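If you read the sequences in order, they're chains D and F.
The first sequence begins at 1 in our numbering and counts up by one.
The second sequence begins at 111 in our numbering and counts up by one.
Calculated directly from the structure, the hints in this document are not laboratory data.
Predicted model only: the values in this text are computed from it and were never measured.
Where a beta carbon is used, it is the ideal one built from N, C-alpha and C, also for glycine.
Hints should not be assumed to be uniformly reliable.
What the hints assert, rightly or not - Distance windows between CB atoms, simulated:
id, chain 1, residue 1, chain 2, residue 2, range
1, D, Leu80, F, Gln128, 41 to 51 Å
2, D, Ala29, F, Arg125, 31 to 41 Å
3, F, Gly126, D, Lys79, 40 to 50 Å
4, F, Trp222, D, Asn12, 22 to 32 Å
5, F, Arg125, D, Arg66, 41 to 51 Å
Said to hold, decoys possible - Partial selection, computed: residues in chain F whose CB lies under 8 Å from chain D:
id, residue
6, Ser143
7, Gly150
8, Gln151
9, Gly152
10, Leu200
11, Gly218
12, Gly220
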Amino acid sequence: RKEVEQDPGPFNVPEGATVAFNCTYSNSASQSFFWYRQDCRKEPKLLMSVYSSGNEDGRFTAQLNRASQYISLLIRDSKLSDSATYLCVVNGGGNTPLVFGKGTRLSVIA
Amino acid sequence: ETGVTQSPTHLIKTRGQQVTLRCSSQSGHNTVSWYQQALGQGPQFIFQYYREEENGRGNFPPRFSGLQFPNYSSELNVNALELDDSALYLCASSAGGGLVSGNTIYFGEGSWLTVV
Numbered sequence: 001r002k003e004v005e006q007d008p009g010p011f012n013v014p015e016g017a018t019v020a021f022n023c024t025y026s027n028s029a030s031q032s033f034f035w036y037r038q039d040c041r042k043e044p045k046l047l048m049s050v051y052s053s054g055n056e057d058g059r060f061t062a063q064l065n066r067a068s069q070y071i072s073l074l075i076r077d078s079k080l081s082d083s084a085t086y087l088c089v090v091n092g093g094g095n096t097p098l099v100f101g102k103g104t105r106l107s108v109i110a
Numbered sequence: 111e112t113g114v115t116q117s118p119t120h121l122i123k124t125r126g127q128q129v130t131l132r133c134s135s136q137s138g139h140n141t142v143s144w145y146q147q148a149l150g151q152g153p154q155f156i157f158q159y160y161r162e163e164e165n166g167r168g169n170f171p172p173r174f175s176g177l178q179f180p181n182y183s184s185e186l187n188v189n190a191l192e193l194d195d196s197a198l199y200l201c202a203s204s205a206g207g208g209l210v211s212g213n214t215i216y217f218g219e220g221s222w223l224t225v226v
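Put together the whole structure using the sequences plus the hints.
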């Protein structure tokens with residue numbers, strides 16, 4: 001089982017749609033969780049951290065379920081500018097490096 | 111934008127050659143990590159340097175090596191290039207010596223390496 005697995009995508013959605021991305025991780029000792037956004041041929045950029053209580057940033061909501069080792073990202077009212085690859089990222093616990101999922105590509109269509 | 115700069119941005123090498131990629135960290139950041147991102151994949155951790163010492167390494171062979179300098183700039187060296195080394199190589203800087211947390215890491219724009 002891969003350390004971090006994401007929906008394979010791509011997701012093609014119309015503007016204004018709600019889209020959800022799912023991610024599972026294998027290391028139960030993982031302590032920190034993030035969603036990164038990566039535009040085509042650009043570097044990854046932090047979108048948001050994911051907290052156990054769930055957190056929201058405008059149209060973006062992240063959820064963490066430690067028991068199921070599952071992370072999600074919900075994007076409401078999709079914009080054309082949301083088109084990108086979304087990377088699920090997990091810190092392996094303790095002094096271990098970040099582990100990135102393969103990413104899920106989102107295309108928002110007018 | 112992030113204060114992390116990488117060079118060159120693009121390069122083409124032939125199989126068997128050696129390559130050096132460079133990274134200038136954000137001011138005040140003493141930790142640098144390198145990632146390899148192949149097409150369609152997420153970034154894979156290569157190694158990390160803190161105060162000029164390697165303090166973490168991913169599952170990469172010894173022909174991937176690095177250096178960090180007193181000014182905290184860094185190099186990634188790859189010897190005996192293989193076709194599968196073709197990828198985007200990302201440098202990331204942060205403050206603090208532990209393996210970085212995702213909310214404190216700042217990526218450069220990367221170096222695109224093509225091995226032919």
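Going through the hints against the structure:
Roughly 43 Å separates the CB atoms of Leu80 of chain D and Gln128 of chain F, a value that falls within the hinted 41 to 51 Å. Checking the proposed 31 to 41 Å range against Ala29 of chain D and Arg125 of chain F shows it holds: the Cβ atoms sit about 39 Å from each other. With their beta carbons about 46 Å apart, Gly126 of chain F and Lys79 of chain D fall inside the hinted range of 40 to 50 Å. Checking the proposed 22 to 32 Å range against Trp222 of chain F and Asn12 of chain D shows it holds: the Cβ atoms sit about 26 Å from each other.
Between Arg125 of chain F and Arg66 of chain D the CB atoms are about 45 Å apart, so this pair conforms to the stated range of 41 to 51 Å. Evaluation of the Ser143 of chain F hint against chain D yields a held restraint, the C-beta minimum of about 7 Å falling below 8 Å. Interface restraint check: Gly150 of chain F against chain D, minimum CB-CB distance 7 Å, threshold 8 Å, status holds. For the restraint placing Gln151 of chain F at the interface with chain D, the shortest Cβ-Cβ distance is roughly 6 Å, inside the 8 Å limit, so the hint holds.
Of the supplied interface hints, the one on Gly152 of chain F holds, with its beta-carbon coming within about 3 Å of a beta-carbon of chain D, less than 8 Å. Taking 8 Å as the C-beta contact cut-off toward chain D, the hint placing Leu200 of chain F at the interface holds, the least distance being around 6 Å. About 6 Å separates the beta-carbon of Gly218 of chain F from the nearest beta-carbon of chain D, less than 8 Å, and the hint is met. Annotation: interface hint on Gly220 of chain F holds; nearest CB of chain D at approximately 5 Å, less than 8 Å.
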